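Trainee: Take a look at the letters that make up each chain.
There are 2 protein chains.
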Amino acid sequence: MENIIELTRGVPPTKSFAVDKLSICAHDALAGYPDKILQYSQSFGFLPLRESLAEIYLANKDQIIIGTGSLQVLDHLLRSFPTGTLRVGFEEPTYDRTITQLKRVQASLLPCPLKLEGVDLSALRKNLEEGKKVDFFYVISDFQNPTGSVMPLEKRHELVALAREHHFYIIEDLPYRNLRYNGQSLPSCYELAPELTCMMSSFSKLIAPGLRVGFMILPKELVHRTAKVAEDTYINPSYLDQALVYEFCCRGWLEEHLVFLKELYSHRRDVMADAMDRHLTGLCDWKRPDGGFFIGSFVKQSVQADVLMQHALKHGLKLTDGRGFYTQGGDQFVRLPFCALEDEQIEIGIARFAETLKTYPG
Amino acid sequence: MENIIELTRGVPPTKSFAVDKLSICAHDALAGYPDKILQYSQSFGFLPLRESLAEIYLANKDQIIIGTGSLQVLDHLLRSFPTGTLRVGFEEPTYDRTITQLKRVQASLLPCPLKLEGVDLSALRKNLEEGKKVDFFYVISDFQNPTGSVMPLEKRHELVALAREHHFYIIEDLPYRNLRYNGQSLPSCYELAPELTCMMSSFSKLIAPGLRVGFMILPKELVHRTAKVAEDTYINPSYLDQALVYEFCCRGWLEEHLVFLKELYSHRRDVMADAMDRHLTGLCDWKRPDGGFFIGSFVKQSVQADVLMQHALKHGLKLTDGRGFYTQGGDQFVRLPFCALEDEQIEIGIARFAETLKTYPG
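As given, the protein sequences belong to chains A and B, one line each in that order. Residue 1 is where the first sequence starts when you use our numbering, and the numbers rise one by one after that. Residue 1 is where the second sequence starts when you use our numbering, and the numbers rise one by one after that.
Extracted from the complex, chain A is given alone in its bound form (with noise of 0.2 Å):
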């Protein structure tokens, strides 16, 4: 079939990025202190933007660490503990790049299943309440990569008060939270328990992933040892894009450049949900995401990852391995992301899905 249509990574479309004031930005910010941004600095960031965020945050500029990426800073405090030593819980499925991450540094896995109706935080319960130690808890909060869903705040208040009980950190990611399309806000576990939390974020989905600029917030005891790793690692990141965001966000630019991603990305979420509704009933199991980039499916009827991608294939539809969002099984679940393409390739995309799940051999 021709013009295979791809289901498959969740990246902003092209036509997403405000170039020419990208370009503004890069011009203002060489002329204007061309003195910080090409020499070499510390690796914690490019200070101006620290202070931003520590505003908008209401955290210390000192507990703020930017890197290439935030996946990057994630990398940094993982690899500030002796590699082998870590026990971390996360919800399954869940971002496939942390999971890799985990396991390059020899972490413990401790996956509690998430569903449509939220995490099910028993397994970390039962591991603390045997004695067991828990060091992290990883979670996306809004939005999650890759099902959408987001985390009801008795699940929030719950891990919370089980991360002040045992003595654990949470690690939130939240590159999503400023993506919600409707409905309201939760408080995040950063704002109900920043002493606890690893707070990550990036404007990769918000300006330009390009840029590589993302940031961790840390609790002041895991801050210096997380920026050593990093100037171990590169001596500093990149200042220059990080200036470039810096400029955006002073002019005002990311907010009115969120209101263009909303009602882009809301559109498309729109035609994907209603595509499925269409199409998928009885087929999966999903739920309209309120933000962000992804709609999670579950498939109903028991299928093996590899055979339907290749069936999907088949069908000119490209779909991402369920299983690289989980430690073990996964092949019944499909992330459907519907950010990156036109209304067009979303209806046609879901209506191949269809077709492969109805005709799914065996």
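These are computed hints drawn from the structure, not numbers from a lab. Owing to the predicted nature of the structure, the values given are computational and were not obtained by experimental measurement. Accuracy of the hints is not assured; some may be wrong.
[Claimed, not checked] List of simulated lysine-lysine pairs, DSS-like, C-alpha gap at most 25 Å: (1) 318(B) / 228(A); (2) 36(B) / 262(A); (3) 132(B) / 103(B).
[To be verified] Derived Cβ-Cβ restraints for the label pairs, each shown as a range: (4) 282(A) / 31(B): 48 to 54 Å; (5) 231(B) / 282(A): 37 to 43 Å; (6) 362(B) / 219(A): 44 to 50 Å.
Even glycine gets a Cβ: it sits at the ideal position worked out from N, Cα and C.
Once you've looked at the hints, dock chain B against the given chain A.
Mentor: Structure of chain B alone, referenced to chain A:
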């Protein structure tokens, strides 16, 4: 004492940055191919710059990885092996950040003493003859950091022959190679044995460190594992910075800029070496370097690094702890960078260093 002179870090002076040209590069890159630099992309780095490097170094573009500075790519390479399994030889003294990275991956360290007449490879040879595995030998062949020395041709041949016979790789770090102020370039280990050499270099000293653009050319069998670590760490490095470097090079501005830099630095080298001739004869051993940023000096009298640094501060001089460049010892070694300081500061700094030594307590 007022106005402390800092003879510490080897950073380019801010005035050496071609700000206006870099601004044009940023504008043209963003206007010309925003989709290429603002989107997520390959962990290998910006393809056009990799293609340019492939031409310059007669390499295959698929064997070139560009990262957030070359140090970061070294880290990717080292991390592509299980923690605690590598055995790595190197000149001692060597670049302190490399020692830190080697320790971080729990490599077994095999230092080979580097004196004014060149590296003594007998410790390496002995290990190899005893059948001990060596995975890598790290060397800064041109204008070494911290000594400023150039590896003699026969040593290059000796190292390459050992690598060939005993199947280890050379990691050749060449950030200063293009900053030769007199004399003829020797063939690099990479040129002598590209199939055995991981050649790393950077634009930090040639254009601007803040852009964080460094690269490594790797033997085929090491490329993909290294790029995978890069991807798992940050998906991709900043492409905007790499595009700036690409545009800068395309326009022929790098060659122009090198002429300017060589004039700037060779003058400073002379100012420092002349001052050393006047003030330090009899107190230190050193050699006037043919390029780079540093003059490495070996203090003749017995000193203790802590005391020396403290005592220097009393004379208005900040020195780098020589022990950082060694796995053990290093008290007698002082790295003197001439790159960042104005003539007068260099003069005063060297005079103060001489005073520090002459009045060294005990």
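Trainee: Is residue 36(B) within 25 Å of residue 262(A), Cα to Cα?
Mentor: Holds, at roughly 24 Å.
Trainee: So if I understand the rule, the pair passes when the alpha-carbon distance is 25 Å or less; does residue 318(B) with residue 228(A) pass?
Mentor: Holds: residue 318(B) and residue 228(A) sit about 22 Å apart, inside 25 Å.
Trainee: Between residue 132(B) and residue 103(B), does the CA-CA distance stay at or below 25 Å?
Mentor: Holds, because 19 Å separates the two Cα atoms, which is no more than 25 Å.
Trainee: Against the range 37 to 43 Å, how does the distance between the Cβ atoms of residue 231(B) and residue 282(A) compare: consistent or not?
Mentor: holds (38 Å)
Trainee: 48 to 54 Å was suggested as the range; check whether the CB atoms of residue 282(A) and residue 31(B) agree with it.
Mentor: Check passed, 50 Å falls within 48 to 54 Å.
Trainee: Does the beta carbon distance between residue 362(B) and residue 219(A) stay inside 44 to 50 Å, or does it fall outside?
Mentor: Taking Cβ atoms as reference, residue 362(B) and residue 219(A) lie about 45 Å apart, which means the hint holds.
The structure agrees with every numbered hint stated previously.
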